[in-house]
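So the protein sequences, as listed, match chains D and B.
Take 1 as the starting number for the first sequence in the numbering used here and just add one per residue.
Take 1001 as the starting number for the second sequence in the numbering used here and just add one per residue.
Hints listed in this document are in silico derivations from the structure and should not be mistaken for laboratory results.
Here the structure is a predicted model, which means the values were calculated and not measured.
Hints may be right or wrong, so weigh each one.
To be verified - Lysine-lysine pairs mimicking DSS-like chemistry, simulated, CA-CA at most 25 Å apart:
no.	chain 1	residue 1	chain 2	residue 2
1	B	Lys-1123	D	Lys-316
2	B	Lys-1123	D	Lys-367
3	D	Lys-357	D	Lys-316
4	D	Lys-186	D	Lys-176
5	D	Lys-276	D	Lys-313
6	B	Lys-1204	D	Lys-359
7	D	Lys-357	B	Lys-1204
8	B	Lys-1204	D	Lys-316
9	D	Lys-107	D	Lys-145
10	B	Lys-1204	D	Lys-335
11	D	Lys-316	D	Lys-269
12	D	Lys-366	B	Lys-1204
13	D	Lys-324	B	Lys-1015
14	D	Lys-276	D	Lys-316
15	D	Lys-145	D	Lys-186
16	D	Lys-145	D	Lys-198
17	B	Lys-1016	D	Lys-324
18	D	Lys-186	D	Lys-6
What the hints assert, rightly or not - Facing chain D, a subset of chain B residues (Cβ under 8 Å, in silico):
no.	residue
19	Gly-1011
20	Lys-1015
21	Arg-1095
22	Ser-1098
23	Ala-1211
24	Val-1217
25	Ala-1222
26	Gly-1223
27	Asn-1225
Cβ coordinates follow ideal geometry from the N, Cα and C atoms, glycine included.
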Amino acid sequence: MLAELKEIVVDFGPVRAVDHVNFSVRPGEIHALLGENGAGKSTLMNVLAGTFPPDSGSIYVKGEPVRFSSAKSAMDKGIRLIHQELNLCNDLKVYENLYLAQEIKGKSGLLDSHQMIECAQRVFETMGANIDPKAPVSSLQTAEKQLVEIARALLFSCEIIIMDEPTTALSGRDIKNLFNIMRTLKARGVGFVYISHKMPEIFEVCDTFTVLRDGKWIADGNIADVNEKQISEMMTGKALLESDFASRKSNVQPEIALSVNNLNSDGIKDISFELKKGEILSVTGLHGSGRDQLADALFGVQSYTGEVIKDGKQIKGGIESHLKAGIAMVPRNRKERGILNDLSILDNLSMGFFNTKLKSLLISPKKERGRFRRRQQDLSIRADRPSNPITSLSGGNQQKVILGRWLEADADILLFDNPTQGIDVGTKYEIYKLMLSLSAQGKSIIMFSSEFAEIMKVSDRCIVMFRGEINRILNRDEISEESLMYYSTGAIIEEKQHA
Amino acid sequence: MPNKRQQTDAGIFIKKLFTQYSYIVSFVLIIIIAMAVNPNFFRWRNISNIFTQSATTTGLIALGMTMIICAGQIDISVGSQVALISGFGIELLNRTESIWLMLLFCVAMGGVIGTFNGLLVAKGRMPAMIATLAVQTSARAIINHFGQGGPFTVAGGNANAPFYESFRMVSSGGISVFGNRVSYPMIIFIFMSVVFGVIMRRTKLGKHIYAVGSNEVSARMAGVNVDRTKIMVFAITGLLCGLTSWLYSSRLMAVAAANAGNQFEMDAIAAVAIGGASMSGGRGKIIGTFLGVLMFKIINNTLVAANVPTFLTGAISGAIIIVAVLLQSQRDKRK
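Kindly produce the complete structure, drawing on both the sequences and the hints.
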């Protein structure tokens, strides 16, 4: 046993992120850690990698109990976590990043850059990656940056490498390459923990699995003994609920709510589509497909050329004119782009009203509280007192407050950008249901998402993007895991190019 | 991470008092010390003096500074603004002999300089510290150039000039309330504090200021016009610098270009800090700043009464700022 976690508990405020979980990694195994967003996978791995200590429970490395005070102390034990978000300093060179905080010094006490560059070069060669150690990181593609992260783990001959969704930004060829590197290292006795939402990859490369749900241990075993469906059911625990969504009726009405013609902007080209009243339209695509940029352009965050027409009128650029036209957005990355963390729940909710409809000079706290109570009921926001800070709420409830913000502004086109990021399974389903009931009220929804599961649950149609363009618009009966994957990896466009 | 142990109501109250309302604790402490050192502390004359001194120096500016700091910005040009506006204002007064025209001029000029600061920060994407540092240096240089080292003196120091006395009364005049004289600056300071308190708590602008200071990106995504909000806080502070210049000139009747308004930025920022605002933006209260301003003057007042050598008073003020802000950083850490 390389490493063992026993009865680990982690609390974030009132939320128990990890609840008495056991987990272990053997040498020479690739262990899939599975669970929906917010199931506690990343938290558990942060504990193993020393990022923060557990509230209770114990960690053993090669049978010895250890206590990690920092990521550094875990690295000294040969454990390395490759984060989902890349942790590279863009302004430094590749080799400087590789050796950051572990620089090689010469006899004089100054840095020995020759040796660092040489070692880095060797690691890249064993990986079969063509990256110049002297290049600045800012000049690399996302996939190359990912490889630099992996090289960092290899450089210090780690025994346990934890990979948190390493392939989201990689193309098919890079993924194959990565898997080959993993297999080579596995043969040398390195243990991997592999976190990914992509089922085919799990079945291709992993040996064993552990499933977490809502912070709790659900199951473990050998990958060979299970199939995809069983894993999904273990992850969601809601086989029944799935069928609720499968049989849902569509609320699409014939009127066109929004038409987008030849939208061009940074990262997107020639986007044209129409959104019907009451429709739920999803937009998906891999990282870098232009999905984020399209979301930003449609809310006026990012400037664009082309037409966005609502109610027969073309909307001018800028967030304010989009809001005035009734288009609102629940942004991705709730913590950085959504909530106003110093403000109360009430002010976070009312901000949409203030910015669109407030007529009087003074704000009436009494009316604000009334508004809050109404939304609290509609959206079943679980909050104690409206004057409490927004940060006292769980992620899902924060998201509901932001949604309520725009309902107060009477928006009738709602853009949900990655709305269930980091939200527990139960609340996720509540948000899907809210989307459905909003569409039944005649509101139109565009949901930007990378989770195929949720796209299949709620969408009437789905736009699949590839390299900044619309690759294909799928109708509801065409949406499946396979078709979404097929078109988001650029199948049609690549075929055209080869023809 | 929250403390899961059960706490008594009294415990919570005391904790809240020391963390969220640390400025009240500091204020009470300072009053007690002041009373111990200076038996005449609660005389009306002394109290009135404290208010008048506050209003004619950094009191009003600190109100604007609260907005700026809550919006996550900083303005270190306010002292030089006061010097520049006072100098030109007195020149204008001497020529036009109208104190009201001077008021208008001062406020307008402050508004222009403040808006310029705001434009540099919002549209020019300059860090507020650097933009206002540049304005601070330039404003001081300009007024030094025009003053050529000498002071700007109302009516050339001629007390018989027709407007001399009426301008002096701007800061030393007042009305009588229950036999106690309340000076105009005191009235203005209290009135403006109330107005600013209402703006911060009960208007869209106030909410926008907190939103921008809390997280600019989120504020933008919530439909807040971030640039306009930033320009507004600097412009409002400029207006207050203008108003202060009028009062300040009236109190001194002669303004030296080189050292007028010296240290005003630091005193104003310190008052906001003592008042419990978060220096990184998003949180802060006008009532805190109001008490912060008074605390500052009370400390000075008390040190003088206690015969502390003048040059050392700064060191003691500094120590008090450290203690006040330490209390606050403990609060932030707990979050």
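Hint-by-hint comparison with the structure:
no., hint, result
1, B:Lys-1123 to D:Lys-316, "holds (20 Å)"
2, B:Lys-1123 to D:Lys-367, "violated (35 Å)"
3, D:Lys-357 to D:Lys-316, "holds (19 Å)"
4, D:Lys-186 to D:Lys-176, "holds (15 Å)"
5, D:Lys-276 to D:Lys-313, "holds (16 Å)"
6, B:Lys-1204 to D:Lys-359, "holds (10 Å)"
7, D:Lys-357 to B:Lys-1204, "holds (11 Å)"
8, B:Lys-1204 to D:Lys-316, "holds (24 Å)"
9, D:Lys-107 to D:Lys-145, "violated (31 Å)"
10, B:Lys-1204 to D:Lys-335, "holds (23 Å)"
11, D:Lys-316 to D:Lys-269, "holds (19 Å)"
12, D:Lys-366 to B:Lys-1204, "holds (15 Å)"
13, D:Lys-324 to B:Lys-1015, "violated (44 Å)"
14, D:Lys-276 to D:Lys-316, "holds (21 Å)"
15, D:Lys-145 to D:Lys-186, "holds (22 Å)"
16, D:Lys-145 to D:Lys-198, "holds (20 Å)"
17, B:Lys-1016 to D:Lys-324, "violated (41 Å)"
18, D:Lys-186 to D:Lys-6, "holds (24 Å)"
19, Gly-1011, "violated (19 Å)"
20, Lys-1015, "violated (16 Å)"
21, Arg-1095, "violated (38 Å)"
22, Ser-1098, "violated (32 Å)"
23, Ala-1211, "holds (5 Å)"
24, Val-1217, "holds (5 Å)"
25, Ala-1222, "holds (4 Å)"
26, Gly-1223, "holds (4 Å)"
27, Asn-1225, "holds (6 Å)"
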